[in-house]
Amino acid sequence: MAVETAVDKTMTMREAVATYVRDGDTVALEGFTHLIPTAAGHEIIRQGRRDLTVIRMTADIVVDQMLASGCVSRLVSSFVGNSSAGSLGELRRRVENDDPEPLAFEEYSHYGMICRYIAGAQRLPFYPLRSYGGSDLPGVNPALRKVTSPYPGPDGGTEQIYVVPPVNPDVTIVHAQRADRSGNTQIWGLTGVQAEAVYAASKAVVVVEEVVEDEVVRSDPNRTVIPAHAVDAVVVCPRGAHPSFAQGYYDRDNAFYRSWSAISKDKERLTAWLEEWVHGTADHAEYVAKLGEEFWEGLAVGEAMSLPVNYGRRL
Amino acid sequence: MTTDTVTSSELLSVVASRELAARRTVFAGIGLPTLAASLAHLTVAPKLEIVYESGVCGAHPSHLPETIADAVLITGAEAVIPMPTLFGSVLQGGHIDVGFLGAAQIDKWGNLNSSVIGDWHHPKARLPGSGGANEVMASSREVFVVMRRHDQRSFTEELDFCTSPGPDRALADGIRPLGAGVTRVITELGILAREGVGEELKLAALHPGVTAEDVKANTGWDLQVAGDLSVIEPPSADELALLREDVDPERVYLR
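Protein sequences appear in the order of chains A and B. Position 218 of the first sequence, counting from 1, maps to 218 under our numbering, and the rest follow consecutively. Position 95 of the second sequence, counting from 1, maps to 95 under our numbering, and the rest follow consecutively.
Here chain A stands alone, though its shape is the one from the complex (with noise of 0.2 Å):
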């Protein structure tokens, strides 16, 4: 009964980025505060990706390091900042003085990026939602359009509603903390919006803390996030989502999260932090490496298993 048809889509963090994504791509990188994928960043900065759309609900430090890199040309956001640690300095620099260049970015909020991802996962034309209504965001945003509904409302009368358009990135990539080699990706903890990001693009690169056999994915099949047929690429890189953390693997390294607003305020610092880290690491191993044991030891998390759940088999 056990027929092969698993597909192998492992390859390297190099191999994906130079596959997956190409100068003037719209790139999406999801992961709310959990799972972040910097590691892909870094390596589509050593790659030197140029005029790149990139899409991410929260643009935080690895946007800021892309920015600085000189990839991006346009962001598409709902939260621009250092989490709740401080400013990005080199986003800060793209648009209030336009320097080095001016950067298009159109701004939304949470959910208006939440229904516009719904929206190219499902092919639709438009994804309804209840915000910006009396909002200046339509004035600089010319996406959010109000529509009438074409049903009455809930006292007989007209509605009307804002509606976002669909977003159908190039490339999504996610990180998650493990999948199968054919790409049945299992995330736990925060699943924020990866699943509906990879099903809205047109190739999606998943980048996991560990590949697992087959049967570990199999024996809960509900912990499957994303199913292998969204999945065009794997690539296991451990603690790619460093400084954001991968629940149950490595917790979120807050000190570097705080020390990067002096960071990216200082364009000098900045660039020099991106030689050392970026350029000056061959991939993440290094990256890795380089941070030390006894750095990761300071991110190790204890245990705390679920307790297993019994999905029965026919007898």
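Errors might be hidden in some of the hints.
[Claimed, not checked] As a list, the in silico DSS-like pairs of lysine-lysine whose alpha-carbon atoms are at most 27 Å apart: (1) B:202 / B:216; (2) A:265 / B:124; (3) A:267 / A:290; (4) A:9 / A:203; (5) A:265 / A:290; (6) B:124 / A:267.
[To be verified] Only part of the chain B face toward chain A is listed, based on derived beta-carbon distances under 8 Å: (7) 55; (8) 67; (9) 71; (10) 75; (11) 79; (12) 84; (13) 128; (14) 135; (15) 163; (16) 177; (17) 204.
[What the hints assert, rightly or not] Here are the computed distance ranges between Cβ atoms for each label pair: (18) B:250 / A:289: 30 to 36 Å; (19) A:153 / B:241: 47 to 53 Å; (20) A:151 / B:21: 36 to 42 Å; (21) A:73 / B:60: 23 to 29 Å.
By construction, these hints were calculated from the structure, which means they are not laboratory data. Glycine included, every Cβ here is placed at the ideal spot set by N, Cα and C.
Based on these hints, arrange chain B on the given structure of chain A.
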């Protein structure tokens, strides 16, 4: 314990926590709202469910979270749901009693700016933007705002940019609002309040030692004063002890 040893963060957290009495669900951001919601959980609102934008419902963290997505919010939580469910069904579905928001600017109708200072196209300062604030405002039954700074630049007649509009602006745009918008604004000077659509924020309560004139002078519009202006009870020894020893013993947010 005397009030002159109370820090601004402690004062704002305690006063905000009291406002959560009799509420069931609160959508909390990180920082002061987390402190206020956690303290309310231990005092006036033991059944309060704290919902985080990241998708966590019913968090039982072992340590004070440093972000709305902190790993300690996940382990032991009652539910962790995807963002489309959180924003689409929980928030837009009308399950949130109180949303907590902060902002760089607020006007007399409780409209908020968290996008830019200056012109959006050529800003003097680029701020983080909406995040989920637009949705929290549109769909929570009511919204509490905690403002660290109470001055004419922040409490302004005219916003530089409206990121998160209250129901008055939504109605004017032809959109039916679900909630009442901002009903309470808590600052170091006192509390501004309104019941909902069509009302201005009025000065409702003062901290001891603050006068209505002080607040008017620090507010950028002609602030009306409620007829039943009250004086806010200073944080009690119990409230302060809980906040300092149970909620934020490592003083992550208590400054």
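For each hint, the structure was consulted:
{"no.": "1", "hint": "B:202 / B:216", "verdict": "holds, 10 Å"}
{"no.": "2", "hint": "A:265 / B:124", "verdict": "holds, 16 Å"}
{"no.": "3", "hint": "A:267 / A:290", "verdict": "holds, 23 Å"}
{"no.": "4", "hint": "A:9 / A:203", "verdict": "holds, 13 Å"}
{"no.": "5", "hint": "A:265 / A:290", "verdict": "holds, 24 Å"}
{"no.": "6", "hint": "B:124 / A:267", "verdict": "holds, 19 Å"}
{"no.": "7", "hint": "55", "verdict": "holds, 6 Å"}
{"no.": "8", "hint": "67", "verdict": "holds, 6 Å"}
{"no.": "9", "hint": "71", "verdict": "holds, 6 Å"}
{"no.": "10", "hint": "75", "verdict": "holds, 5 Å"}
{"no.": "11", "hint": "79", "verdict": "violated, 12 Å"}
{"no.": "12", "hint": "84", "verdict": "holds, 5 Å"}
{"no.": "13", "hint": "128", "verdict": "holds, 3 Å"}
{"no.": "14", "hint": "135", "verdict": "holds, 5 Å"}
{"no.": "15", "hint": "163", "verdict": "holds, 7 Å"}
{"no.": "16", "hint": "177", "verdict": "holds, 7 Å"}
{"no.": "17", "hint": "204", "verdict": "violated, 24 Å"}
{"no.": "18", "hint": "B:250 / A:289: 30 to 36 Å", "verdict": "holds, 31 Å"}
{"no.": "19", "hint": "A:153 / B:241: 47 to 53 Å", "verdict": "holds, 50 Å"}
{"no.": "20", "hint": "A:151 / B:21: 36 to 42 Å", "verdict": "holds, 39 Å"}
{"no.": "21", "hint": "A:73 / B:60: 23 to 29 Å", "verdict": "violated, 44 Å"}
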